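Asker: Go ahead and model the full structure; you've got the sequences and the hints to work with.
Top line first, the protein sequences correspond to chains A and B.
In terms of UniProt numbering, the first sequence opens at residue 1 and continues consecutively.
In terms of UniProt numbering, the second sequence opens at residue 1 and continues consecutively.
Don't read these hints as lab results, they were simulated from the structure.
Model, not experiment: these values are computed from the prediction.
A portion of the hints provided could be inaccurate.
[Unchecked claim] Examples of chain A residues lying across from chain B (beta carbon under 8 Å, computed): (1) 97; (2) 98; (3) 110; (4) 116; (5) 122; (6) 381.
Even glycine gets a Cβ: it sits at the ideal position worked out from N, Cα and C.
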Amino acid sequence: MSDPVPTPVAPAAPERRVSGVPIRLEHVTKRYPGQDRPAVDDVSLEIAAGETVMFVGPSGCGKTTLLKMINRLIEPTSGRIFLGDEDVTNQDPDRLRRRIGYVIQAGGLFPHMTVATNVGMVPRMLGWEKPRIAERIDELLDLVGLDPDVYRDRYPRELSGGQQQRVGVARALAADPPVLLMDEPFGAVDPITRHRLQDELIAIQGEIGKTIVFVTHDFDEALKLGDRIVVFDVGARIVQYDTPEAILADPAEEYVAKFVGAGATLKQLTLTRVNSLELRPATTATVGEAAAAAVARARAAGDELIVVLDRRGRPISWPTVAEVSRMTTIPATVDEKLPVVGLGSTLSDALDTMLAASQGGAVVLGRRDRLAGVVTVEMIMDVVQRTRQEAAG
Amino acid sequence: MSATQIRRDAAEEVPDEAALGPGASRAGRPSRRSGEWRALVIQPVLVVLGVLAFVLWRATATLSETEARQLGAAALWDSTLRHLSLTAVAAAIVLLIAIPLGVALTRPALRRFTPVVIGLANVGQAAPAIGLFVLLAMWLGFGFWTTVVALVVYSALPVLRNTMVGIQGVDPRLVEAGRGMGMSGLAVLLRVELPLAAPVILAGVRTALVLLVGTATLATFIAGGGLGVLINTGITLSLDSLLISGAVLVALLALAVDWLGRVVEYVARPKGL
Ligand SMILES: Nc1ncnc2c1ncn2[C@@H]1O[C@H](COP(=O)(O)OP(=O)(O)OP(=O)(O)O)[C@@H](O)[C@H]1O
Ligand SMILES: [Mg+2]
Numbered sequence: 001m002s003d004p005v006p007t008p009v010a011p012a013a014p015e016r017r018v019s020g021v022p023i024r025l026e027h028v029t030k031r032y033p034g035q036d037r038p039a040v041d042d043v044s045l046e047i048a049a050g051e052t053v054m055f056v057g058p059s060g061c062g063k064t065t066l067l068k069m070i071n072r073l074i075e076p077t078s079g080r081i082f083l084g085d086e087d088v089t090n091q092d093p094d095r096l097r098r099r100i101g102y103v104i105q106a107g108g109l110f111p112h113m114t115v116a117t118n119v120g121m122v123p124r125m126l127g128w129e130k131p132r133i134a135e136r137i138d139e140l141l142d143l144v145g146l147d148p149d150v151y152r153d154r155y156p157r158e159l160s161g162g163q164q165q166r167v168g169v170a171r172a173l174a175a176d177p178p179v180l181l182m183d184e185p186f187g188a189v190d191p192i193t194r195h196r197l198q199d200e201l202i203a204i205q206g207e208i209g210k211t212i213v214f215v216t217h218d219f220d221e222a223l224k225l226g227d228r229i230v231v232f233d234v235g236a237r238i239v240q241y242d243t244p245e246a247i248l249a250d251p252a253e254e255y256v257a258k259f260v261g262a263g264a265t266l267k268q269l270t271l272t273r274v275n276s277l278e279l280r281p282a283t284t285a286t287v288g289e290a291a292a293a294a295v296a297r298a299r300a301a302g303d304e305l306i307v308v309l310d311r312r313g314r315p316i317s318w319p320t321v322a323e324v325s326r327m328t329t330i331p332a333t334v335d336e337k338l339p340v341v342g343l344g345s346t347l348s349d350a351l352d353t354m355l356a357a358s359q360g361g362a363v364v365l366g367r368r369d370r371l372a373g374v375v376t377v378e379m380i381m382d383v384v385q386r387t388r389q390e391a392a393g
Numbered sequence: 001m002s003a004t005q006i007r008r009d010a011a012e013e014v015p016d017e018a019a020l021g022p023g024a025s026r027a028g029r030p031s032r033r034s035g036e037w038r039a040l041v042i043q044p045v046l047v048v049l050g051v052l053a054f055v056l057w058r059a060t061a062t063l064s065e066t067e068a069r070q071l072g073a074a075a076l077w078d079s080t081l082r083h084l085s086l087t088a089v090a091a092a093i094v095l096l097i098a099i100p101l102g103v104a105l106t107r108p109a110l111r112r113f114t115p116v117v118i119g120l121a122n123v124g125q126a127a128p129a130i131g132l133f134v135l136l137a138m139w140l141g142f143g144f145w146t147t148v149v150a151l152v153v154y155s156a157l158p159v160l161r162n163t164m165v166g167i168q169g170v171d172p173r174l175v176e177a178g179r180g181m182g183m184s185g186l187a188v189l190l191r192v193e194l195p196l197a198a199p200v201i202l203a204g205v206r207t208a209l210v211l212l213v214g215t216a217t218l219a220t221f222i223a224g225g226g227l228g229v230l231i232n233t234g235i236t237l238s239l240d241s242l243l244i245s246g247a248v249l250v251a252l253l254a255l256a257v258d259w260l261g262r263v264v265e266y267v268a269r270p271k272g273l
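Answerer: Following this line, the structure appears as structure tokens:
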């Protein structure tokens with residue numbers, strides 16, 4: 001076959017920091033012994049440096065096989081794979097893999113090693129000096145949002161599923177590899193945690209700019225995380241390779257349209273992020289201040305709810321004005337169910353969060369968990385309305 | 001399983017971030033293991049009590065001259081040491097053979113030989129021990145080393161099987177994670193598979209040790225010595241005191257060895273499991 005190598009249609013946003021390298025697959029085929037059809041059949045694909053490319057497609061279509069051929073956990077039957085200018089098919093696989101981060105479902109942490117030992121595995125294999133490894137471990141735990149002093153010496157058993165997954169990501173990034181391969185990494189955590197982890201991955205990727213190849217079953221996840229999406233059919237046939245927007249707007253085949261599913265306008269919610277909305281400023285009150293003053297401020301601003309901040313400026317609860325007016329001082333109670341979303345969250349996540357908390361809005365966190373404003377159901381409905389109208393004419 | 005129990009199990013698997021202060025759950029570990037500790041303390045106490053009871057009986061019982069000679073301190077000490085050295089030498093050889101063999105049989109290239117080897121080991125253990133001893137003695141002659149060979153054949157299976165079961169029980173995704181981050185096959189074996197399989201392997205070693213202590217009593221029939229001599233003499237001369245003394249001492253020795261095995265298992269178990 002001599003199809004042209006599918007290349008990205010539009011260039012990626014230029015201003016981002018990029019530390020990744022491009023990946024190029026040339027006529028890659030994998031035939032498992034004893035099977036009449038190849039699992040991966042003559043696939044050619046080019047992934048630009050620093051992009052996050054999502055692999056989606058039905059179960060058994062060869063996504064994992066294709067991914068594992070990039071780090072040669074599976075040897076291709078034929079074809080060539082390039083990282084940058086290097087042909088990976090004739091390199092020592094162990095050395096190659098130390099330069100490719102690999103994240104699997106549930107993190108794949110070694111249960112008999114502490115978080116620090118797990119994260120430091122690859123740097124140790126690369127012969128880094130001890131102080132440098134220790135420093136790197138702390139830096140990475142910080143990056144994935146875990147306090148090194150608290151978590152460094154824990155065993156994986158002593159972490160929640162989401163925390164384990166974060167450590168898995170930290171471990172994959174340990175030696176600063178240019179490429180990160182992720183095979184359904186967030187498949188085993190609950191939806192709320194999954195949204196968090198996705199938001200964090202977006203934030204981390206914004207800082208580091210690796211080339212990420214990410215396999216997922218969840219089309220919404222693909223829309224949310226991907227700079228581009230590859231939709232596969234059986235034999236890893238590439239049906240469409242494009243940006244999320246383009247795939248939603250113009251599915252290449254009936255098959256993709258079915259995969260995208262009904263309600264493409266609603267899916268636009270997955271493409272719009274909270275930071276693109278004009279957030280409403282909220283009336284705030286700080287723990288310990290007089291309730292009456294806060295109530296007066298809220299009435300003046302016409303707000304029905306008051307965001308309570310702790311002494312470090314992080315939102316902890318969101319009572320109504322009526323509730324606050326029955327108090328004398330603002331209490332330090334932390335509302336476990338407080339609906340919070342990040343600036344990088346999608347509108348779809350925000351809506352989910354509100355539904356889960358049975359609230360008509362959610363508190364938006366900005367840098368370092370400071371309050372950035374609030375988002376309401378009405379604001380999201382507006383967006384839906386506008387997309388509908390745009391689609392109609 | 002009751003509903004609360006299920007919830008508690010679930011909570012254990014996914015500890016709440018807020019509920020766990022730094023090191024909080026590690027502080028909880030000793031309490032979970034304290035039951036095991038108690039068992040580890042009780043067992044040697046029982047052994048010591050047993051030995052004391054035997055010494056007391058020996059000091060007060062009225063014995064014939066033959067009995068007194070057979071149950072003299074020097075004679076007993078010699079047979080016990082002999083018994084232990086048979087056990088220890090056989091155990092060392094079993095470890096040197098069965099663990100590497102078990103590891104080898106879990107490697108993809110050799111996996112197809114597994115049924116054959118396990119079958120052979122099964123035959124070794126299923127054959128009547130006394131028959132095995134006598135057959136080997138007819139072939140290799142009588143004495144210490146023949147006994148050792150017979151003991152090795154007889155007790156290799158638990159170690160071999162547990163090594164394989166333990167390694168096969170390691171989550172294949174962990175092996176893949178190890179290879180995926182660039183560990184060599186050997187590094188994955190040494191740093192991931194063997195440590196995670198250690199509890200199962202050590203349990204097999206303990207089983208083999210107890211088996212060895214018991215089976216070594218048969219050494220007397222092929223001139224291998226040991227505490228079996230007491231039992232055998234007791235039977236042929238109809239001296240119950242010798243028979244029972246031998247049996248009790250072997251039982252105490254087995255208990256002591258079992259305890260030692262448990263201590264090793266306890267100490268060597270990887271943290272974090
Ligand atoms: N080790 C193997 N030996 C033989 N066949 C295999 C092997 N691994 C995968 N296959 C087959 O190759 C095909 C592709 O498998 P692959 O795991 O790549 O699918 P996938 O797209 O990742 O599926 P899923 O979404 O379910 O994870 C499947 O038909 C599968 O049965
Ligand atoms: Mg897969």
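Asker: When the structure is checked against the list of hints, which entries are broken? Sort them ascending.
Answerer: Violated hints (numbers, rising): 4 and 6; every other hint is consistent with the structure.
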